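Asks: Sequence:
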Amino acid sequence: MAEKETDAQTYAKALTSFVENGKGLLELAEQESKEGLLQDYIRKKIRIELDQSLLGLIPAGARLFTSMSVKKKKDADELWKRSYQCAEMQDAVEDFLQLGVQWDSFLEYLDKELHLGDRIFGQEPQVKCLSPDIPLIDAQTGATLTLGKYLGRGEKVLLVLIRQFSCLLCRIHLKDLEAHKIALDACSVQVVVVSFGCREGALHWLAETGCQYDMVLDPHRKVYSAFGLRASLKKVLNFNNMLLYAEYVVANLEFPRGLPSIEDDMFQLGGDFVLDDQGRVLFSHCCDSPIDRPAVEDILKAL
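If you count the sequence shown from 1, you need to add 4 to reach our numbering.
What the hints contain is simulated information worked out from the structure, not anything from laboratory work. All values reported here derive from a predicted model rather than from experimental measurement. Treat the hints loosely; a few may be bogus.
As the list claims (entries may be wrong) - List time: in silico DSS-like cross-link candidates among lysine-lysine, alpha-carbon distance up to 30 Å:
1. K77 with K179
2. K305 with K132
3. K27 with K78
4. K76 with K305
Unchecked claim - DEER-style ranges, computed between Cβ atoms:
5. I186 with A147: 26 to 32 Å
6. Q216 with K116: 40 to 46 Å
7. V105 with K48: 24 to 30 Å
8. L42 with D81: 30 to 36 Å
9. E98 with T145: 56 to 62 Å
10. K38 with K85: 37 to 43 Å
11. Q43 with E82: 38 to 44 Å
12. T148 with T70: 45 to 51 Å
All residues carry an ideal CB built from backbone N, CA and C; glycine is no exception.
Build out the structure end to end from the sequences listed, making use of the hints.
Replies: Now the structure itself:
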């Protein structure tokens, strides 16, 4: 009994430390967001290399899990539940939940002030068929082309619309697709990676990832817009997601760093879409967050 009480107090202390850290990050973010243009704050102050930015909650979450000897948020939740009879744990959990509400409210405020919910990404209904005339750029060569290059060949096309070039979850998803090459080939599916970013960033991304798929650029986000994909700080950086990202840090997966010479958009969401050879949409998955990618098995089942 005494040992369980000691464990509960240890967990409560770790959770309290995390909450205090999170409060500090949030207070700093609220202050910095008022010091100039919001767009400048978003671009300059929310960066993975800045320990005191909102993204600092990710390593803080990883330290929390490590101190509790767990690797997943769900396992931490279970320990907190078991220890809830401890008064210190009850207070710590209450503060933790309150921080989550405040964190998400701030992100919702930023979305509203930046009119992200008003962008066309997410406001228009998804198309049922993509035009072959959508202009694109070959990431490798810089040549202009259209979507029609991939249509009319008797194959299905899986368009993987990625987020920013430094999105770890996008890279993991593409590795999963590569691991299912035989199954995708058996269904006559060609994978094409689509990015809204610049060619410099794309070439760096291709070199870093070693991705063998064709990559095309959609700088005007015509394809993103057609599928109603939106941008949102809250959907990317919400409190629950930050703790889920921390799981990757605990698993020794490093979040890539963006090229300092280019501007990227951390808050654009991605998706997976399968077209037949006429451009008709056979499968559609609009990501609700960076973590929300479809399982390859679900894509294959839909075909």
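Asks: If a hint holds in the structure, say so; if it does not, say that too.
Replies: Now the hints, each set against the structure:
1. K77 with K179: OK: K77 and K179 at ~24 Å, within 30 Å.
2. K305 with K132: holds (19 Å)
3. K27 with K78: Given pair K27, K78 holds - Cα atoms ~22 Å apart, limit 30 Å.
4. K76 with K305: Answer holds: K76 to K305 is near 29 Å, not above 30 Å.
5. I186 with A147: 26 to 32 Å: Given range 26 to 32 Å: holds, Cβ gap about 30 Å.
6. Q216 with K116: 40 to 46 Å: holds (41 Å)
7. V105 with K48: 24 to 30 Å: 27 Å Cβ-Cβ, so the 24 to 30 Å window holds.
8. L42 with D81: 30 to 36 Å: Check passed, 33 Å falls within 30 to 36 Å.
9. E98 with T145: 56 to 62 Å: holds (57 Å)
10. K38 with K85: 37 to 43 Å: This hint holds: roughly 38 Å between Cβ atoms.
11. Q43 with E82: 38 to 44 Å: holds (41 Å)
12. T148 with T70: 45 to 51 Å: Given a distance of about 49 Å, which is inside 45 to 51 Å, the answer is holds.
In the structure shown, no violation is registered for any of the earlier numbered hints.
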